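Asks: Sequence:
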Amino acid sequence: MAKMAVNLGGMQMKNPITVASGTFAYGQEYAQFFDLSRLGAITVKGIRACPWQGNPLPRHAEVPGGMINAIGLQGPGVEAFIRDDMPFLVEHNAPTIVNIWGTSIDEYAEVAAAFTGVEGVIGLEINVSCPNVKEGGASFGTQVDTFTEVVRAVRAATPLPIMPKLAPNVPDVKPFVRAAQAAGANAVALINTVPAMAVDIETRRPILANTFGGLSGAGIHPIAVKHVYEAAQVAEVPLLAMGGVFTAKDALDFILVGATAVAVGTATFMDPCAPIKILEEMEAWLDAHGIADVNDFRGTLEKPLRKL
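Numbering (this note's numbering), first residue to last: 1 to 308.
Calculated directly from the structure, the hints in this document are not laboratory data.
It is possible that some hints are incorrect.
[As the list claims (entries may be wrong)] Below, a list of computed lysine-lysine pairs in the BS3-like style, where the Cα atoms sit at most 25 Å apart:
{"no.": "1", "residue 1": "Lys277", "residue 2": "Lys14"}
{"no.": "2", "residue 1": "Lys249", "residue 2": "Lys14"}
{"no.": "3", "residue 1": "Lys277", "residue 2": "Lys249"}
{"no.": "4", "residue 1": "Lys3", "residue 2": "Lys277"}
[Stated by the list, open to error] Simulated restraints on C-beta separations:
{"no.": "5", "residue 1": "Phe212", "residue 2": "Arg83", "range": "32 to 40 Å"}
{"no.": "6", "residue 1": "His92", "residue 2": "Asp271", "range": "16 to 24 Å"}
{"no.": "7", "residue 1": "Gln12", "residue 2": "Ala80", "range": "25 to 33 Å"}
{"no.": "8", "residue 1": "Pro159", "residue 2": "Ala5", "range": "17 to 25 Å"}
{"no.": "9", "residue 1": "Arg38", "residue 2": "Pro87", "range": "15 to 23 Å"}
{"no.": "10", "residue 1": "Asp200", "residue 2": "Lys303", "range": "40 to 48 Å"}
{"no.": "11", "residue 1": "Ala284", "residue 2": "Pro56", "range": "38 to 46 Å"}
{"no.": "12", "residue 1": "Thr116", "residue 2": "Arg38", "range": "26 to 34 Å"}
{"no.": "13", "residue 1": "Ile201", "residue 2": "Glu119", "range": "46 to 54 Å"}
{"no.": "14", "residue 1": "Asp271", "residue 2": "Glu302", "range": "43 to 51 Å"}
{"no.": "15", "residue 1": "Ser37", "residue 2": "Pro222", "range": "18 to 26 Å"}
{"no.": "16", "residue 1": "Thr203", "residue 2": "Asp172", "range": "25 to 33 Å"}
{"no.": "17", "residue 1": "Lys303", "residue 2": "Pro64", "range": "32 to 40 Å"}
Everything numeric in this text was worked out from a predicted model, so none of it was measured.
Positions of the beta carbon are idealized from the N, C-alpha and C atoms, including for glycine.
All chains should be modelled from the sequences, with the hints used to inform the complete structure.
Replies: Following this line, the structure appears as structure tokens:
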């Protein structure tokens, strides 16, 4: 049996599979389908300092190749999450990565500090790339200077491993990877959902109340693979990759181009057991190909014939 343990920038994972923030809530709903402790980690949906109700309904739209969501980072706030939700994850032995966000740099730092020393939390994913909130989110993730300020502030606020989540709608991810490393990030996550829109030709209105949202699903997988490959060319820290992971092949695509770990997202809406099935399929594929350790497969893509 292939060894599956990975080290995601100080976040020790028994295997390289986690779930994408915003697709798994805080784990309670999925615990009825499988043992949460089987995953390398659970990544919970975004938490800010105070409760946040998110965007008005409707907030989802199915489209060819995936779905568009505009949830708007609805959440209970940091105090309520630590009090009401973390005990469940600790009880179920689920190492937890917390996705954090804020509407100011100070708020990012405040939330990061609040998680220091919280049992069960192994690291923080810094959301600077959500495309469906009007404040915070993507406003901090598309300019290198402001992105760097957020990462530095979070780094100063906590000793926990930190991992900014990169936006896909930038001309080049490499400057953001370099900036994350220079600002003290232990790992980098990519990609977030792709800004998108759906309309109703009968009502002649946007389908989402927010007008715009984030596209996820199989349709964005090739985009994500490209971004992860490019990030890996300059990354000195591990990468968490996500975007359209529905099969073991999709997950292995990311590891082949340089990712250390992989998050499963939209697939869980179709099959709550998708993360476990993908993990089991990965293990079987590695064994069938004589690969003794998943880390040995990472970054083994043959170099292109011409320099990019």
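Asks: Run every hint past the structure and note whether it holds.
Replies: Hint check results:
| no. | hint | result |
| --- | --- | --- |
| 1 | Lys277 x Lys14 | holds, 16 Å |
| 2 | Lys249 x Lys14 | holds, 20 Å |
| 3 | Lys277 x Lys249 | holds, 12 Å |
| 4 | Lys3 x Lys277 | holds, 17 Å |
| 5 | Phe212 x Arg83: 32 to 40 Å | holds, 33 Å |
| 6 | His92 x Asp271: 16 to 24 Å | holds, 20 Å |
| 7 | Gln12 x Ala80: 25 to 33 Å | holds, 28 Å |
| 8 | Pro159 x Ala5: 17 to 25 Å | holds, 22 Å |
| 9 | Arg38 x Pro87: 15 to 23 Å | holds, 20 Å |
| 10 | Asp200 x Lys303: 40 to 48 Å | holds, 47 Å |
| 11 | Ala284 x Pro56: 38 to 46 Å | holds, 44 Å |
| 12 | Thr116 x Arg38: 26 to 34 Å | holds, 27 Å |
| 13 | Ile201 x Glu119: 46 to 54 Å | holds, 52 Å |
| 14 | Asp271 x Glu302: 43 to 51 Å | violated, 32 Å |
| 15 | Ser37 x Pro222: 18 to 26 Å | violated, 32 Å |
| 16 | Thr203 x Asp172: 25 to 33 Å | violated, 39 Å |
| 17 | Lys303 x Pro64: 32 to 40 Å | holds, 34 Å |
Consistency note: the structure conflicts with the earlier hints numbered 14, 15, 16.
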